[in-house]
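Participant: Spelled out, the chains give:
2 protein chains.
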Amino acid sequence: MLTLKYYPYDLKFSEVFAVSSNARTSTEVIYVELGYEGKIGYGEASFPPYMKERRDDNLVYLSQLNLSGFTSPFQMDEIYAYMDSLSSENTPAKASVDMALYDLMGKVSGLPVNKLLGLESKKTIYTSFTIGIGEDDFILRQLNKAKQFKTIKVKLAGDILYNKHAIEFIQNNSAQAIGVDFNGGLPNKEIALNMIQWLAAKNILYIEQPLPVSLEKDYIFLKAESPLDIFGDESMQNVKDMIYKHELFDGVNIKLMKCGGISKAYQMASIAPSLGLKTMLGCMAEGSCAVTAAANLASMFDKVDLDGHLMMANDKFEGVEIVNGELKLCQLKLTGIEKQ
Amino acid sequence: MLTLKYYPYDLKFSEVFAVSSNARTSTEVIYVELGYEGKIGYGEASFPPYMKERRDDNLVYLSQLNLSGFTSPFQMDEIYAYMDSLSSENTPAKASVDMALYDLMGKVSGLPVNKLLGLESKKTIYTSFTIGIGEDDFILRQLNKAKQFKTIKVKLAGDILYNKHAIEFIQNNSAQAIGVDFNGGLPNKEIALNMIQWLAAKNILYIEQPLPVSLEKDYIFLKAESPLDIFGDESMQNVKDMIYKHELFDGVNIKLMKCGGISKAYQMASIAPSLGLKTMLGCMAEGSCAVTAAANLASMFDKVDLDGHLMMANDKFEGVEIVNGELKLCQLKLTGIEKQ
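Chains A and B supply the protein sequences, listed in that same order.
Start counting the first sequence at -18; every next residue gets the next number (my numbering).
Start counting the second sequence at -18; every next residue gets the next number (my numbering).
Chain A on its own, in the form it takes in the complex (with noise of 0.2 Å):
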């Protein structure tokens, strides 16, 4: 018998969050416990504003799944398509009752959830720090936060002079590999191949979704003309956007909210080597449950991006370390306690 518990939670910035299009201080999760056999798998939905997804209507989906047919976690696969029967939407909830699911399917077994995905790996594997939108005092506390990073993932916008500065003080303070995600800021191709050359000049590493959704024809132009690699996100939200628009972009960022949670970013990642796309894995700003979740699957990826939790002032998760910049799995720990 599975057992589905599910409540509301506000994960507070221990600094205002702010990217292209606009700034928080705290961000709203769900968090899903799926009881079987006396154990307890945790999940976690969360609800970055440029998802369509609201919490609201993630707990009423919620509140309307009747696990009551299922015996066992690891009927994953059909408990999947019982979520899709219900909705077409609700990813972020579907993926925290994945997480729920593996975590469940791996405390039952015995094994880690990357062994159990055939990902045990001794790779070392580094993950980036983001650093927000603002002032210069701020990126310098953020500076001095990513200091165990190899590599800082830089937002950035549609003020071209912002941008520019931003870049250069970075530089001036730290000799780390930098790239850029615009999440989708700048107004248009021309603007966005000037900025990108810029920044190609700049030795920045690889550029992350310039244009937004509603000028996605432009990225043919972009990506033929880019000195640097452009990752979408915002535009590949699943595997089919990544099958359908994979000629766009030369990498994708996957996300558990975005896709559906681990099973279908295994799916994702899996095939996109065939789509001739290198491979992200990122994160919302989101908790430890989440980032945990995600990072069962890092080691198929070419680049690793799961930092949401560091940003939170009252995780009430503990899981995935990262030391010296390096990400080291660990069992996800409900603690309970708000961490300041």
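Read the hints as simulated data drawn from the structure, not as lab findings.
Predicted, not measured: the structure shown is a model, and the values here were computed from it.
A couple of the hints might just be wrong.
Identical chains blur together in the list; that is why a pair holds if it fits in one copy or across any two.
Within a straight-line C-alpha distance of at most 25 Å, the following computed DSS-like cross-link-like pairs (lysine-lysine) qualify [what the hints assert, rightly or not]: (1) K103 with K20; (2) K131 with K103; (3) K170 with K145; (4) K226 with K198; (5) K221 with K204; (6) K221 with K259; (7) K226 with K259; (8) K(-7) with K126; (9) K103 with K204.
Fit chain B to the given chain A structure using the hints.
Facilitator: Same frame as chain A, but now just chain B:
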């Protein structure tokens, strides 16, 4: 430590097996044994004439595999990447190692392979039974063997008179539902459409690969005009074929030996619905070892056609059982006995 052994074996058919391109009395396979912590995982590579893979080349490839850098079968993903790095071909050999790794992961964890994959299912799964090309008395003997099966897959070819006779003869002697597999045997799209229309009037369920790979572009016409679903087989060997040719077919026949094993077939079956493709799980003429490996995935598929092992006179393994046409997953066992 993983240790790899392998040896060639010739599986003998109980009766001559004929399809549109050839007739055979035996089929070549390789058996693989992967040792780890005192347990052995088994795998099988088979070599149907329509694939370009040859057993000798695959034996050479296996002789080049050095798994000493890997410490556990749960490093599946990295072991597969290593196999791909040595050769882009030798798919049956890779499939056999993939199967053996899953068999080992199952034995080490105590989880049946379908559970390990989140595919535990209470569904009743029926497999079809294949009848090759032959004279009336051959067909009658095959129909006798096919009594317990709900669906028969009938092999047809370019000889329209034979095709019509075979279907009418079978329908006069059986009330079972029928699918038809041409193995690319029809000469052009007009003849194919006529044949399919005739078959539709006979209430045939589906059509498999009516035109050869060399006439692939004509599947656009055929799919648009055909009253029956058309599954690709020879044209749809792996995930790349499936992605780039999905508009040519209504469905895809996925076989471990074509795509490279359980992991790859799982990936293909996972994404096929996103491409608008129905799914069939098929097999080659091969033994219980390979068929049992495939059977772990059966619950993911719309149709299941796992009967290759039923044709064999000297199968050395026991595994999946078929009871009243229903597929029963069982632990794979090497009996060593050449069953008659």
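Participant: Now tell me if each hint is right for this structure.
Facilitator: Do the hints match the structure? See the list:
no., hint, in the structure
1, K103 with K20, "between (29 Å within a copy, 22 Å between copies)"
2, K131 with K103, "within (19 Å within a copy, 48 Å between copies)"
3, K170 with K145, "within (18 Å within a copy, 60 Å between copies)"
4, K226 with K198, "both (10 Å within a copy, 23 Å between copies)"
5, K221 with K204, "both (20 Å within a copy, 22 Å between copies)"
6, K221 with K259, "both (16 Å within a copy, 16 Å between copies)"
7, K226 with K259, "both (14 Å within a copy, 22 Å between copies)"
8, K(-7) with K126, "within (17 Å within a copy, 67 Å between copies)"
9, K103 with K204, "neither (34 Å within a copy, 47 Å between copies)"
Of the numbered hints listed earlier, the single one contradicted by the structure is hint 9.
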